[in-house]
Amino acid sequence: RRRMASRAERCRSRAGTPRLAGRARARVRAMAAYVPAPADALLFRPPVDAHADAASAHVLEAASYPADEAASLESLKFRASSASDCFLLAERAGELVGFVCGTRAPDGPLTHQSMSEHTPNGAALCIHSVCVHPDKRRERIGTKVLEAYVATQRAAAAQGSGVATLRLLCKEHLQQFYASAGFELVGRSEVVHGTDTWYEMIITL
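According to the numbering used here, the sequence shown is numbered sequentially starting from 1.
Read the hints as simulated data drawn from the structure, not as lab findings.
Hints may contain errors.
Claimed, not checked - DSBU-like mimics (lysine-lysine), calculated; alpha carbons at most 30 Å apart, straight line:
1. LYS171 with LYS144
2. LYS136 with LYS171
3. LYS77 with LYS136
All figures in this text were calculated on a predicted structure; none of them were measured in a lab.
Working from the sequences, and respecting the hints, build out all of it.
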């Protein structure tokens, strides 16, 4: 009898172990949901204070493009206020480390006119700037903010934003960078801006 009881107790003990382990795993998963984001995590947001956010973005813009290509502070203020749904800022520990911005236009190949105006219900979103803080480069911030931008616009399109394509112009050596985010090459652009040749790339949402 003692031997039988001992075996039964061992069986009950072994049978109960998986259930306890399963509950423990569930508690660990539940606790993990409340773990705060790391201090160095990137946080993405649209402009809140158009003038202040544009001023911060302009510092990165001026450090990222030649003087004859960089957007003016007034242009960034306009985009942050009138096309805020096309403007995404990336912050880390409260500091602006990158941003992407654009305006909307009628769908079709990019032109000087389509890139210089903002048509709120346009089916094309023209990306003007993809910038990273000069001290934060080589950390894949540009890739992350661009991917977040594309994901945000896909989600908005699914909710009826009316954006059908994301379009941009880039120099030849940056084609691979944009291709890694899902853009496809359209071809050489007729737009002249600065001294280099530009190539149009596109994502169809």
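Structure-inconsistent hints, enumerated in ascending order: When the structure is compared with the hints, none of them turns out to be violated.
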